[in-house]
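Novice: Listed below are the residues making up each chain.
Number of protein chains: 2
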Amino acid sequence: MGLKNTGGIKVLFTEAEYKERVRKTKVRMREQGIEVMMSTHPANMNYLTGYDGWSFYVHQCVLVSLDQEEPVWIGRNMDANAAKVTTYLSPDNIRNYADEYVHSPVGKHPIDYVVDVIKEKGWDDKRFGLEMDQFYFTHKTYQILNEKLPSASFADANLLVAMVRQIKSLAEIDMMKKAGKIAEKVMQTGIDELEVGRRECDVAAAISQAQISGTKDIGGDYPAIVPLMPAGKGIDAPHLTWSERRYEKNEPVILELSGCYNRYHAPMARTVYLGEPPQKMVDITKFVVEGLEETLDFIKPGVSCEEVEEKWRNSIAKGELVDASRLGYSFGLNYPPDWGEQTASMRPGDKTVLKENMTFHLIPIIWQEDIGFEMSSAIRITEDGCEEFYNFPRELFNK
Amino acid sequence: MGLKNTGGIKVLFTEAEYKERVRKTKVRMREQGIEVMMSTHPANMNYLTGYDGWSFYVHQCVLVSLDQEEPVWIGRNMDANAAKVTTYLSPDNIRNYADEYVHSPVGKHPIDYVVDVIKEKGWDDKRFGLEMDQFYFTHKTYQILNEKLPSASFADANLLVAMVRQIKSLAEIDMMKKAGKIAEKVMQTGIDELEVGRRECDVAAAISQAQISGTKDIGGDYPAIVPLMPAGKGIDAPHLTWSERRYEKNEPVILELSGCYNRYHAPMARTVYLGEPPQKMVDITKFVVEGLEETLDFIKPGVSCEEVEEKWRNSIAKGELVDASRLGYSFGLNYPPDWGEQTASMRPGDKTVLKENMTFHLIPIIWQEDIGFEMSSAIRITEDGCEEFYNFPRELFNK
Chain A
30 MGLKNTGGIK VLFTEAEYKE RVRKTKVRMR EQGIEVMMST HPANMNYLTG YDGWSFYVHQ
90 CVLVSLDQEE PVWIGRNMDA NAAKVTTYLS PDNIRNYADE YVHSPVGKHP IDYVVDVIKE
150 KGWDDKRFGL EMDQFYFTHK TYQILNEKLP SASFADANLL VAMVRQIKSL AEIDMMKKAG
210 KIAEKVMQTG IDELEVGRRE CDVAAAISQA QISGTKDIGG DYPAIVPLMP AGKGIDAPHL
270 TWSERRYEKN EPVILELSGC YNRYHAPMAR TVYLGEPPQK MVDITKFVVE GLEETLDFIK
330 PGVSCEEVEE KWRNSIAKGE LVDASRLGYS FGLNYPPDWG EQTASMRPGD KTVLKENMTF
390 HLIPIIWQED IGFEMSSAIR ITEDGCEEFY NFPRELFNK
Chain B
30 MGLKNTGGIK VLFTEAEYKE RVRKTKVRMR EQGIEVMMST HPANMNYLTG YDGWSFYVHQ
90 CVLVSLDQEE PVWIGRNMDA NAAKVTTYLS PDNIRNYADE YVHSPVGKHP IDYVVDVIKE
150 KGWDDKRFGL EMDQFYFTHK TYQILNEKLP SASFADANLL VAMVRQIKSL AEIDMMKKAG
210 KIAEKVMQTG IDELEVGRRE CDVAAAISQA QISGTKDIGG DYPAIVPLMP AGKGIDAPHL
270 TWSERRYEKN EPVILELSGC YNRYHAPMAR TVYLGEPPQK MVDITKFVVE GLEETLDFIK
330 PGVSCEEVEE KWRNSIAKGE LVDASRLGYS FGLNYPPDWG EQTASMRPGD KTVLKENMTF
390 HLIPIIWQED IGFEMSSAIR ITEDGCEEFY NFPRELFNK
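For the record, the sequence lines run as chains A and B. Every letter in the first sequence is one number past the one before it in my numbering, and letter 274, counting from 1, is 303. Every letter in the second sequence is one number past the one before it in my numbering, and letter 109, counting from 1, is 138.
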């Protein structure tokens with residue numbers, strides 16, 4: 030992939046691709062009457078500029094203005110160095126605040142500096158789009174903008190950039206396929222390492238090693254969610270992380286793991302039984318696999334998210350199974366705490382119509398009394414159907 | 030440690046300890062005129078109730094009210110199961126919202142459910158404390174509370190619970206010492222694995238494996254920050270994460286890594302040179318080690334954060350070194366994206382007076398032209414000085 034000569038050493042996509050993303054963002058901004066979009070979500074900052082770094086524990090943002098071609102990156106001084114090597118931006122669009130602004134309860138606030146840049150650019154009377162329900166946009170950020178930019182107005186543009194991200198480019202799909210290759214290795218590692226008597230943390234450690242190392246040809250990145258591996262009595266608590274407990278005989282273990290390549294994900298869930306599985310689990314597996322395969326056959330451009338969920342629900346009803354949560358969600362490029370995109374969910378009421386190169390993680394979760402079961406599929410919508418990002422047996426594993 | 034008979038299988042501290050934390054929180058609430066504290070920060074939720082789980086990608090909170098002894102945990106339905114096993118709370122203080130509230134752009138919002146609980150409890154005319162500049166408290170959350178609780182009032186209590194967390198109990202110090210044992214193993218792994226020609230991701234993978242596995246006796250947890258290991262030309266970009274690049278001869282590598290035990294951290298930074306280090310790096314090491322040791326000797330209860338920083342700055346001035354960022358910060362229990370507590374920083378202007386069982390990460394960062402250097406120390410303030418959470422050589426490593 031072409032890198033900008035004068036730019037970063039780690040810029041992943043062509044300058045043309047970034048410019049196309051910014052163009053699509055500006056189209057949505059015009060439609061929504063927004064003149065300056067302020068993105069604080071790390072995935073949106075990455076998407077619009079290439080910026081990558083574990084710096085999202087301090088305030089930072091990207092501004093996209095209709096009256097300027099390139100976005101402006103604003104962050105902490107020491108992170109401007111990362112912006113220089115990871116973004117395609119000209120140096121004058123990389124702006125930074127001094128360290129005295131960082132976590133200073135009584136002193137300067139990073140958003141004060143953002144306000145300074147906005148004023149300098151002459152954008153202080155514009156209509157701003159803000160990501161009002163994203164975790165990296167605090168109420169305090171809003172308060173400062175609202176107080177210090179009295180001539181500006183503010184609109185909720187919570188998912189504006191995320192909606193652009195929803196349809197992937199071919200270069201992004203390529204990243205996700207590589208993440209899928211890593212996911213295959215990661216899941217196999219998880220299954221191989223699970224063993225009665227081993228500590229949960231040792232299995233989690235081996236999985237993390239596989240995620241970050243990746244394959245010989247595809248180096249791994251940290252997934253936006255740590256290995257999730259509910260087991261035994263905790264099987265109904267899917268987001269409980271591992272402990273020092275040792276695996277016991279005759280317990281089910283769910284592995285929800287992702288491969289990650291350059292911040293693009295390919296999540297996968299499988300279930301393992303440590304021992305001879307009870308007939309009920311074998312039956313659940315059969316119905317879920319059939320239901321998932323019927324649903325995957327049904328998926329194609331033009332059908333809606335709620336139709337996909339209905340297909341799934343009707344399909345597993347034959348097995349008298351009930352799945353209480355949403356069937357799936359849009360995913361892709363992301364940072365902790367989530368690899369989901371929040372834009373579309375396969376559940377009743379979501380009328381999002383599937384389009385080519387949307388990407389979804391279908392993850393049915395079945396709980397029946399003491400049994401928990403997950404088996405998932407991460408897919409791309411193709412011209413006339415869908416394809417998985419990985420190739421891994423759809424079965425109940427037992428050890 | 031005593032577990033509640035009727036309570037969780039993973040509750041870490043005694044019920045008495047949690048009650049003491051809540052009591053201290055209520056003292057601060059009374060001082061600040063706050064009747065109900067709403068904590069959305071995952072570390073505060075854990076601190077007040079024991080709750081642990083990777084569920085902070087959806088809205089959740091803990092409410093502490095002056096008129097009720099126990100806090101109330103509110104989260105997603107499937108995460109209530111984790112709340113049952115990790116908190117000391119009575120079942121009626123674990124409340125949950127259905128999956129249809131999750132990431133639903135046009136439907137219900139989780140904070141609508143929080144409002145329902147507040148009304149049911151009769152707290153809708155109270156004065157609330159909110160964590161207005163914490164990443165897990167969005168502007169949208171504020172908007173909903175403000176709109177749907179017209180008789181309530183809202184105060185910024187951004188660091189109220191974090192200030193209670195700042196002074197650790199002996200049981201917490203014990204957790205951090207265990208994290209320190211893991212940190213020793215983790216740093217040794219990083220140094221051992223670094224090698225010219227290896228991919229950065231393979232070294233990061235080995236480090237992550239060591240972090241999560243921990244030691245034979247102390248199982249590891251995921252640190253709130255991934256391994257940071259800026260190297261070579263990227264040495265001045267401390268939050269740039271690893272890539273598939275292979276290490277080259279004659280480059281410096283900074284390792285900033287933490288051990289983590291039950292969400293408690295012990296961060297450590299060391300610098301490695303791949304080859305024979307230039308004299309300048311040897312000199313920097315000497316001055317930083319001397320400066321750090323002089324500063325550690327100076328630290329004791331009663332001195333202020335800014336005095337510590339001044340001591341450090343004067344000390345390294347002999348080596349004509351300049352450190353542009355803050356020298357250190359309070360740390361402890363935390364979740365991604367940060368292990369810092371935001372409450373106190375060792376830098377000019379911070380008048381926080383050190384007290385016994387405060388815990389700080391002192392992490393000087395030196396950049397000079399093409400050279401980067403870090404060496405850190407994670408300490409507890411003792412009765413008459415300070416002690417480190419780990420025992421690891423303070424030197425420049427070369428391989």
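Source of the hints: derived by calculation from the structure; they are not laboratory data. One or more of the hints may lead you astray.
Copies of the same chain are indistinguishable here, so a pair counts whether it falls within one copy or spans any two.
[Stated by the list, open to error] Calculated lysine-lysine pairs in the BS3-like style (CA-CA distance at most 30 angstroms, straight line):
(1) Lys214 to Lys245
(2) Lys206 to Lys177
(3) Lys113 to Lys262
(4) Lys340 to Lys380
(5) Lys428 to Lys245
(6) Lys428 to Lys39
(7) Lys262 to Lys39
(8) Lys206 to Lys155
(9) Lys55 to Lys428
(10) Lys340 to Lys137
(11) Lys148 to Lys177
(12) Lys347 to Lys155
(13) Lys150 to Lys206
(14) Lys262 to Lys245
(15) Lys309 to Lys113
(16) Lys137 to Lys48
(17) Lys177 to Lys315
(18) Lys380 to Lys55
Novice: At most 30 angstroms between CA atoms: does that hold for lysine 380 and lysine 55 within a copy, between copies, both, or neither?
Specialist: within (24 angstroms within a copy, 46 angstroms between copies)
Novice: Can you tell me if lysine 340 and lysine 380 fall within 30 angstroms by alpha carbon in one copy, between copies, both or neither?
Specialist: within (14 angstroms within a copy, 62 angstroms between copies)
Novice: Since the copies are identical, ignore which copy is meant and state whether lysine 347 and lysine 155 lie within 30 angstroms (CA to CA) inside a copy, between copies, both or neither.
Specialist: Neither, since 56 angstroms and 50 angstroms both go past 30 angstroms.
Novice: My question is about lysine 262 and lysine 39: at a cut-off of 30 angstroms on alpha-carbon distance, are they close within one copy, between copies, both, or neither?
Specialist: between (45 angstroms within a copy, 12 angstroms between copies)
Novice: Should lysine 113 paired with lysine 262 be assigned to within, between, both, or neither, using CA atoms and 30 angstroms as the limit?
Specialist: between (49 angstroms within a copy, 12 angstroms between copies)
Novice: Please work out whether the CA atoms of lysine 340 and lysine 137 approach to 30 angstroms or closer within one copy, between two copies, in both situations, or in neither?
Specialist: between (54 angstroms within a copy, 24 angstroms between copies)
Novice: If the cut is 30 angstroms between Cα atoms, do lysine 137 and lysine 48 qualify within a copy, between copies, both or neither?
Specialist: For lysine 137 and lysine 48, the Cα distance exceeds 30 angstroms both inside one copy (33 angstroms) and across copies (35 angstroms).
Novice: Between the shortest in-copy and the shortest cross-copy C-alpha distance, which are at most 30 angstroms for lysine 428 and lysine 245: within, between, both, or neither?
Specialist: both (27 angstroms within a copy, 24 angstroms between copies)
Novice: Is it within, between, both, or neither for lysine 177 and lysine 315, if the alpha carbons may be no more than 30 angstroms apart?
Specialist: neither (60 angstroms within a copy, 46 angstroms between copies)
Novice: At most 30 angstroms between C-alpha atoms: does lysine 150 with lysine 206 qualify within a copy, between copies, both, or neither?
Specialist: So lysine 150 and lysine 206 fail the 30 angstroms test inside a copy (40 angstroms) and across (50 angstroms) alike.
Novice: When Cα atoms must be at most 30 angstroms apart, do lysine 262 and lysine 245 count as within-copy, between-copy, both, or neither?
Specialist: between (37 angstroms within a copy, 24 angstroms between copies)
Novice: Is it within a copy, between copies, both, or neither that the alpha carbon of lysine 428 lies no farther than 30 angstroms from that of lysine 39?
Specialist: between (42 angstroms within a copy, 26 angstroms between copies)
When each numbered hint is compared with the structure, violations occur for hints 2, 8, 9, 12, 13, 16, 17.
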